[in-house]
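2 protein chains.
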Amino acid sequence: MNSLSSQQLKVCFSPQLIKSYADENSIIMVIDVLRATSAICTALHHGAEKVIPVVDVRVARDYLNKGYIVGAERNGEIVEGFEYGNSPLAFVGDHVAGKTIVLTTSNGTFALAAAQMAHQVIIGSFLNLDTVSEWVKNQKRDIVLLCAGWKQRFNMEDTLFAGAVVSKLRAANTGLSLSDSSIAAEILYAKAKDNMFDFLENTSHRNRLRSMNIEEDVRYCLIPNTTTVIPMLKDGNIVKMER
Amino acid sequence: MNSLSSQQLKVCFSPQLIKSYADENSIIMVIDVLRATSAICTALHHGAEKVIPVVDVRVARDYLNKGYIVGAERNGEIVEGFEYGNSPLAFVGDHVAGKTIVLTTSNGTFALAAAQMAHQVIIGSFLNLDTVSEWVKNQKRDIVLLCAGWKQRFNMEDTLFAGAVVSKLRAANTGLSLSDSSIAAEILYAKAKDNMFDFLENTSHRNRLRSMNIEEDVRYCLIPNTTTVIPMLKDGNIVKMER
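So the sequences go chain by chain: V and D. Residue numbering for the first sequence follows our numbering, beginning at -15 and increasing consecutively. Residue numbering for the second sequence follows our numbering, beginning at -15 and increasing consecutively.
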C-alpha cells in the first residue's frame, strides 16, 4: 500500500485471478465457507496443533498411511478410502486436540496455494467473522478477500462472507478504498444477511448443495463468531495466530 | 447444452475465466459497456460495414496508415497518434456509413479474443439490450455473458448490463438454469437500475470514470434500446447479424 493512499480492500472471486488483485505486499484472506475454511477454524478451535493443506490426494494418502488425521474431499464428497472429507463437524471434539490435521479439498486448498505469494495469508469463515475483521482492520496493508469459489467460478456463499467482512470494515474505516467487487459483495450480503440459509437454498448451486445432503454442515458454517481463532499460513502449514 | 437439461445462463466476470464457463458449443455475449461494445453497436447502427477488432496497437497503426478509420484506446485514453479512442460518440454520424472501422481497446478487444472459441459470439450493450436479449432467448444453446471487466478484474458496469439481460431472460423463461454469478448480477442490476448513472458514480471505479472526463459517454452508454443491431463475430470481423 502506498503510504499516501488509503487502505485498499479488494474481493477476488476466483483463485485464478489472484495475480490481478494481490502481490507480495498484500494480506490475503482465504475464504471457502462451504466447507474448507470453516473446517480449519473448527479444527484449530478444538485444539489441533496445525493443519497441513495439500493439493494432491496422493500426498494426503501418504499422510493417512502414516497415521495422521486426514480430510480429503473432491466434488463435495469424502474421497474413497478416507474417513473424513471437509465437513467441519468431523473436527469438533477432543480427538483433534494437539493433533496435526491434513486437508485436501476441491477448492479451498487450491485457493491457499494460489495465495502463498502474499505477505501474509489468513483464513476466514463466518465462525471467526468478527475476529478476522477486527484484526484486518488494524493492518497497514492492502487486503484481498480471496473467494475459493467453485472450480474457478464465482460462488455465492464465499461472496456473502466477503461482503460481511467489507461491511464490518467499512463501518469502522471511512478511508477504505473499495474495489467494484467489494461493493458488489457488500450489496449481496446486505440482501442475504437476514436469512442466509434460505438465500443460499434459493440461489447458490441449489442442486449441488442439496444433492450433497449437507444441510447440517451449511447451518453450522453460517453461524457467526463461534470462535476467536485466526488461522494463518506459516511455513506451508496453517496454525493459530498468537495474539 | 444437453438436450435433457434446461438452458444455462452464466455470467463470466473476467475474460481470464472464460474457459471455466464456456466451450465451443456456447454462445458468448461480449460486454464492455464503457465503452467498446457500445462503440461497436453505434458504428454498425450508423452503417459501418464492419468493425475489425485488433489486440495489438501496432496492427491498429498499420490500418491507420492505410487510411482506415481507427479507434485505439488504452487506459481510457485515445492512444497517441490516433484520432479516435473508444468513445461511441465518435462513431455517430454519416462518416462511418459503408466504412470499415478498426478498433483496439484495453479490455473489450481482449474479451473478444478470449471468446473466439465459442459457437457464436455476439456483442451486447445497453444500446441493444432488448434486441440481444430477445435473440438469445430463442437460442437452443447455453449462453455465457462475458464481462470484459477492467484488466481481468470484475467491474460494476458490465455486471449491471449482464444483470439486465438475466432479468429479461428470466422473466421470459422459467426453465432457465442460472449460475451464482447470474443471480448476483441480477440482484446488483435490481439495486442499480432506477438510477444507474448515480449508482456507478457512487460505486464503480469512481476515480477512474471521473478522471477520464467521460460523463457524456457514460450517459450515452446507459441509454437502453437506441438500436436494434446485433453485432456478431464472423471470420474475425464484427458485422451486423442479418435477421
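Any given hint could be a false lead.
Since the list gives no way to pick one copy over another, a pair counts as held whenever it fits inside one copy or between any two copies.
Claimed, not checked - Derived lysine-lysine pairs resembling DSSO-like cross-links, with alpha carbons at most 27 Å apart:
(1) K50 / K121
(2) K224 / K34
(3) K152 / K177
(4) K121 / K83
(5) K218 / K83
(6) K3 / K177
(7) K124 / K135
(8) K218 / K177
(9) K177 / K50
(10) K3 / K135
(11) K152 / K175
(12) K83 / K135
(13) K224 / K50
(14) K83 / K124
(15) K135 / K50
(16) K50 / K124
(17) K175 / K50
(18) K224 / K175
(19) K175 / K34
(20) K218 / K175
(21) K175 / K83
(22) K50 / K3
(23) K50 / K152
(24) K177 / K34
FYI, nobody ran anything at the bench for these hints, they're computed from the structure.
Going through the hints against the structure:
Proximity of K50 to K121 under the C-alpha cut-off of 27 Å is found in neither arrangement, the shortest distances being 41 Å within a copy and 56 Å between copies. For the homomeric pair K224 and K34, the shortest alpha-carbon distance inside one copy (7 Å) is at most 27 Å, but the shortest distance between copies (60 Å) is not. Proximity of K152 and K177 under a CA criterion of 27 Å is satisfied in both settings, with 13 Å inside one chain copy and 26 Å between copies. In the homo-oligomer, the alpha carbons of K121 and K83 never lie at most 27 Å apart, since the shortest distance is 31 Å inside one protomer and 55 Å across protomers.
Proximity of K218 and K83 under a CA criterion of 27 Å is satisfied intra-copy only: 17 Å inside one chain copy versus 60 Å between copies. Within a single copy, K3 and K177 get their C-alpha atoms no closer than 30 Å, and across copies no closer than 32 Å, so neither meets the 27 Å cut-off. Taking CA atoms no more than 27 Å apart as the test, K124 paired with K135 passes between copies only; the shortest distance there is 25 Å, against 32 Å inside one copy. When the C-alpha separation of K218 and K177 is checked against a cutoff of 27 Å, the pair qualifies neither within a copy, at 32 Å, nor between copies, at 45 Å.
Taking CA atoms no more than 27 Å apart as the test, K177 paired with K50 passes in neither setting, with 43 Å inside one copy and 58 Å between copies. Taking the shortest alpha-carbon separations for K3 and K135, both the intra-copy value of 17 Å and the inter-copy value of 11 Å come in at or below 27 Å. In this assembly of identical chains, the alpha carbons of K152 and K175 lie at most 27 Å apart whether taken from the same copy (15 Å) or from different copies (20 Å). In this assembly of identical chains, K83 and K135 lie within 27 Å of each other by CA distance neither inside one copy nor across copies; the values are 30 Å within and 44 Å between.
Proximity of K224 and K50 under a CA criterion of 27 Å is satisfied intra-copy only: 24 Å inside one chain copy versus 64 Å between copies. Within a single copy, K83 and K124 get their C-alpha atoms no closer than 33 Å, and across copies no closer than 54 Å, so neither meets the 27 Å cut-off. In this assembly of identical chains, K135 and K50 lie within 27 Å of each other by CA distance neither inside one copy nor across copies; the values are 30 Å within and 46 Å between. Within a single copy, K50 and K124 get their C-alpha atoms no closer than 42 Å, and across copies no closer than 52 Å, so neither meets the 27 Å cut-off.
Taking the closest pair of Cα atoms, K175 and K50 never come within 27 Å of each other, the shortest separation being 47 Å inside a single copy and 54 Å across copies. Taking identical chains as interchangeable, the C-alpha atoms of K224 and K175 are never at most 27 Å apart, the minima being 32 Å within one chain and 39 Å between chains. Taking identical chains as interchangeable, the C-alpha atoms of K175 and K34 are never at most 27 Å apart, the minima being 36 Å within one chain and 43 Å between chains. Neither within a single protomer nor between protomers do K218 and K175 lie at most 27 Å apart by alpha-carbon distance, with minima of 36 Å and 41 Å respectively.
With identical chains, the CA atoms of K175 and K83 are never at most 27 Å apart, being 40 Å at best within one copy and 47 Å at best between copies. With identical chains, the CA atoms of K50 and K3 are never at most 27 Å apart, being 36 Å at best within one copy and 38 Å at best between copies. In the homo-oligomer, the alpha carbons of K50 and K152 never lie at most 27 Å apart, since the shortest distance is 43 Å inside one protomer and 56 Å across protomers. Within a single copy, K177 and K34 get their C-alpha atoms no closer than 31 Å, and across copies no closer than 48 Å, so neither meets the 27 Å cut-off.
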